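Respectively, the protein sequence lines represent chains A and B. Taking the UniProt record's numbering, I'd label the letters of the first sequence as residues 1 to 413. Taking the UniProt record's numbering, I'd label the letters of the second sequence as residues 1 to 413.
Any given hint might turn out to be false.
[As the list claims (entries may be wrong)] Lysine-lysine pairs mimicking DSSO-like chemistry, simulated, CA-CA at most 27 Å apart: (1) K395(A) - K20(B); (2) K395(A) - K49(B); (3) K2(B) - K20(B); (4) K395(B) - K49(A); (5) K6(B) - K395(A); (6) K379(B) - K327(B); (7) K395(B) - K6(A); (8) K20(A) - K2(B); (9) K154(A) - K189(A); (10) K6(B) - K90(B).
Note that these hints are calculated values from the structure, not bench results. These numbers were taken from a predicted model, which means no experiment stands behind them.
Protein chains: 2
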Amino acid sequence: MKLLLKNAYLLKDPFSQIQKTNLLIQDGKISKIGEIQEDADQVYDLSGKLVMPGLVNCHTHAAMTLMRGIAEDMNLEDWLNKKIFPIEAKLTAEHVYYGTMIAQMEMARKGIVAYVDMYFHCDSVAQAAVDFGMKALITRGLVDIDGDGERRLKENILFFEKWNGKDGLIEVGFGPHAPYTCSLKYIDKVAYVAQQLNAPVTIHLYESRSETYQLEDILSTNLANCKVIFAHCVHLKDEYIPLLAKENFFVAHNPTSNLKLGNGIAPIKKLLDHGVQVCLGTDGAASNNTLDILHEMRLATLLQKMNDPSNITVEQALCMATIFGAKASGLTSGKLQVGEDADLIVLDVQRPWFLPFENMKAHLVHSASSLDVFATMVKGKWIYYDGNYPTVQIKEIIEGFENSVRDLTQNNV
Amino acid sequence: MKLLLKNAYLLKDPFSQIQKTNLLIQDGKISKIGEIQEDADQVYDLSGKLVMPGLVNCHTHAAMTLMRGIAEDMNLEDWLNKKIFPIEAKLTAEHVYYGTMIAQMEMARKGIVAYVDMYFHCDSVAQAAVDFGMKALITRGLVDIDGDGERRLKENILFFEKWNGKDGLIEVGFGPHAPYTCSLKYIDKVAYVAQQLNAPVTIHLYESRSETYQLEDILSTNLANCKVIFAHCVHLKDEYIPLLAKENFFVAHNPTSNLKLGNGIAPIKKLLDHGVQVCLGTDGAASNNTLDILHEMRLATLLQKMNDPSNITVEQALCMATIFGAKASGLTSGKLQVGEDADLIVLDVQRPWFLPFENMKAHLVHSASSLDVFATMVKGKWIYYDGNYPTVQIKEIIEGFENSVRDLTQNNV
Numbered sequence: 001m002k003l004l005l006k007n008a009y010l011l012k013d014p015f016s017q018i019q020k021t022n023l024l025i026q027d028g029k030i031s032k033i034g035e036i037q038e039d040a041d042q043v044y045d046l047s048g049k050l051v052m053p054g055l056v057n058c059h060t061h062a063a064m065t066l067m068r069g070i071a072e073d074m075n076l077e078d079w080l081n082k083k084i085f086p087i088e089a090k091l092t093a094e095h096v097y098y099g100t101m102i103a104q105m106e107m108a109r110k111g112i113v114a115y116v117d118m119y120f121h122c123d124s125v126a127q128a129a130v131d132f133g134m135k136a137l138i139t140r141g142l143v144d145i146d147g148d149g150e151r152r153l154k155e156n157i158l159f160f161e162k163w164n165g166k167d168g169l170i171e172v173g174f175g176p177h178a179p180y181t182c183s184l185k186y187i188d189k190v191a192y193v194a195q196q197l198n199a200p201v202t203i204h205l206y207e208s209r210s211e212t213y214q215l216e217d218i219l220s221t222n223l224a225n226c227k228v229i230f231a232h233c234v235h236l237k238d239e240y241i242p243l244l245a246k247e248n249f250f251v252a253h254n255p256t257s258n259l260k261l262g263n264g265i266a267p268i269k270k271l272l273d274h275g276v277q278v279c280l281g282t283d284g285a286a287s288n289n290t291l292d293i294l295h296e297m298r299l300a301t302l303l304q305k306m307n308d309p310s311n312i313t314v315e316q317a318l319c320m321a322t323i324f325g326a327k328a329s330g331l332t333s334g335k336l337q338v339g340e341d342a343d344l345i346v347l348d349v350q351r352p353w354f355l356p357f358e359n360m361k362a363h364l365v366h367s368a369s370s371l372d373v374f375a376t377m378v379k380g381k382w383i384y385y386d387g388n389y390p391t392v393q394i395k396e397i398i399e400g401f402e403n404s405v406r407d408l409t410q411n412n413v
Numbered sequence: 001m002k003l004l005l006k007n008a009y010l011l012k013d014p015f016s017q018i019q020k021t022n023l024l025i026q027d028g029k030i031s032k033i034g035e036i037q038e039d040a041d042q043v044y045d046l047s048g049k050l051v052m053p054g055l056v057n058c059h060t061h062a063a064m065t066l067m068r069g070i071a072e073d074m075n076l077e078d079w080l081n082k083k084i085f086p087i088e089a090k091l092t093a094e095h096v097y098y099g100t101m102i103a104q105m106e107m108a109r110k111g112i113v114a115y116v117d118m119y120f121h122c123d124s125v126a127q128a129a130v131d132f133g134m135k136a137l138i139t140r141g142l143v144d145i146d147g148d149g150e151r152r153l154k155e156n157i158l159f160f161e162k163w164n165g166k167d168g169l170i171e172v173g174f175g176p177h178a179p180y181t182c183s184l185k186y187i188d189k190v191a192y193v194a195q196q197l198n199a200p201v202t203i204h205l206y207e208s209r210s211e212t213y214q215l216e217d218i219l220s221t222n223l224a225n226c227k228v229i230f231a232h233c234v235h236l237k238d239e240y241i242p243l244l245a246k247e248n249f250f251v252a253h254n255p256t257s258n259l260k261l262g263n264g265i266a267p268i269k270k271l272l273d274h275g276v277q278v279c280l281g282t283d284g285a286a287s288n289n290t291l292d293i294l295h296e297m298r299l300a301t302l303l304q305k306m307n308d309p310s311n312i313t314v315e316q317a318l319c320m321a322t323i324f325g326a327k328a329s330g331l332t333s334g335k336l337q338v339g340e341d342a343d344l345i346v347l348d349v350q351r352p353w354f355l356p357f358e359n360m361k362a363h364l365v366h367s368a369s370s371l372d373v374f375a376t377m378v379k380g381k382w383i384y385y386d387g388n389y390p391t392v393q394i395k396e397i398i399e400g401f402e403n404s405v406r407d408l409t410q411n412n413v
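One chain only, chain A, in its complex shape (with noise of 0.2 Å):
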């Protein structure tokens, strides 16, 4: 199967410069960039638009979906102990999956080819991940205190059996949930198994203003040698700060997520230039409630800012939003260029917001909305284009999530 992209202007990544150019896509892969003589299965000209690498969103709980503007407003106790909690408790296997779904279709539309997921009923995410044929880094998620870890952890090395590697798509972690749910021993056990297994691993760190346990303890478990995305690092202590310069840690920042949950601005300037590599989340969609990497980048270089604005160049969102983020998931490269999947973007530029045209790459950070996203390819297959989903029933699937949404809401909201 052979796709030509014709007439687009190309972002290959962050660095370079834009140009008109055309693209062959072959077998899923970007087959080759220029000047095409050859015949394709399919031709799209795509005058006026844009294609760059597809975005990542390196930490959500895609299902939560279903518990979208349940409750605003509210503090972070009774947010969570009073609506989360007890929908949470009611879940099943069919409602994550119409969650997991109804967030796809949102990341999709909004540019977004490759997600980290950290939730439970981990089969249904796979599987709505597969059928609508976006990439997503799965874990479970793990937790001790309750006493009923071990059965989590077989749970999730169950689901790494067998969805692992699934259609080139699944890529299956371990999810040990926070240091103040899980206790250091099987935050250990975790890693050593997550090592031994060749899986990445993604935890909560350093939230909220409470967590103020010792990151030397977490790093003198096995997961000092694991790939590790360290979700939220907003109260970190300064002196931490290089312990998470490591090729092998990544921490993904969730700017409206702190914000609204109360908890903060995470440091990305200090982290960056320590060179830690920071990437983006949107987190679940209860807790910000969109699932929109563009409007993280914009918000997470706003917030940098806000004492200097020469912090957060034009050049480092947009690798927070594609390769670092590419790079975190392990799901893609973040760059278009031959032999990579093609997992790329369509932005229609021809927009009053986009003038003027020279400018066009702080555009991209300071201008673009998800809106903007004409069109979004994974593997070389459309999930979303010009308003349609073409790998799914949208009816079926929006009346399964209302559906699901009855069933969850009828006796506690």
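Place chain B on chain A using the hints.
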């Protein structure tokens, strides 16, 4: 001329419930809401769409779209002195017309029905607003530190006489730039003139850390008796807050611009708690870089939640973007009720991020993006409708804008 909007979800104002209904619009005003039997000249079936009051942008320099993205990631001094001022020195009336037109296209596309402008070549701004059919409170930026304050004030007065009240769209006010560019005597004189003409005033106040003048001094002038929109108020001392809690005073909060220029966050929660009327602004496109009140509303809300998620309710957020902005500008009511001008927007709410549908009011603040706006109406006329701008010739505007940018940047960038 009678327009019937059928089968829409309607949010009349921030405090009302969303209900499915019909609106009849006659001669630019809402004439009936509910069951409508009458014939109309034009009927629009808005099934699956939501109608709400149009948004108001209470602080901008519209023509600065010409400088969008020309200088990113620079400190404030270099940004102003090396980039903005040299270009502004070359601006002609024609440049300002096209810059303002592109700004209005963006604002209309993003649901803004009225804006407050401070700039120069004001005839061009007013002509652009009338040509486009958008409501605008236009003020001439006034400065006297260079000894040329009188000439500018005269220009503002002449502009008032020529344009105030034009077509029910234009209101003219006075724009003393800031306490650090205007002497107290000059502010007093400008305010006196404004008071005599019953015209509003807008002034920058405490935008940056370096602004340490006394608010008592500013309010000892005739300004105290005017209707005033104070833009920014970031570095406002706590003890000054009660001084702004007056029926004739408004604070225009510009969260994106304040972050992007390194100025910080205005104390909006405290201002609202003291009963100050806070509205929202985008500032100019050179320091934002979009003209997007839905974005400002969400950002303003998130920033105040940073330390307490119960700060700024959904209703408060909607009030800032609609009712308070409407009152500040004096151009519209911010409410959809019989007898009011039909200044409204239509959102397409059949999208994944508006699910669950039950939580729609929260979604309008925390999930909606400006590109969910399907149509924008001012005084009963569509100024944006489903991809089209019915009142203007887009091609000619874009050409005029691009020629202007070429003129301005040839020897500068």
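Hint-by-hint comparison with the structure:
{"no.": "1", "hint": "K395(A) - K20(B)", "verdict": "holds, 22 Å"}
{"no.": "2", "hint": "K395(A) - K49(B)", "verdict": "holds, 17 Å"}
{"no.": "3", "hint": "K2(B) - K20(B)", "verdict": "holds, 20 Å"}
{"no.": "4", "hint": "K395(B) - K49(A)", "verdict": "holds, 17 Å"}
{"no.": "5", "hint": "K6(B) - K395(A)", "verdict": "holds, 24 Å"}
{"no.": "6", "hint": "K379(B) - K327(B)", "verdict": "holds, 16 Å"}
{"no.": "7", "hint": "K395(B) - K6(A)", "verdict": "holds, 24 Å"}
{"no.": "8", "hint": "K20(A) - K2(B)", "verdict": "violated, 48 Å"}
{"no.": "9", "hint": "K154(A) - K189(A)", "verdict": "holds, 12 Å"}
{"no.": "10", "hint": "K6(B) - K90(B)", "verdict": "violated, 49 Å"}
When the structure is compared with the earlier hints, violations turn up for hints 8, 10 and for no others.
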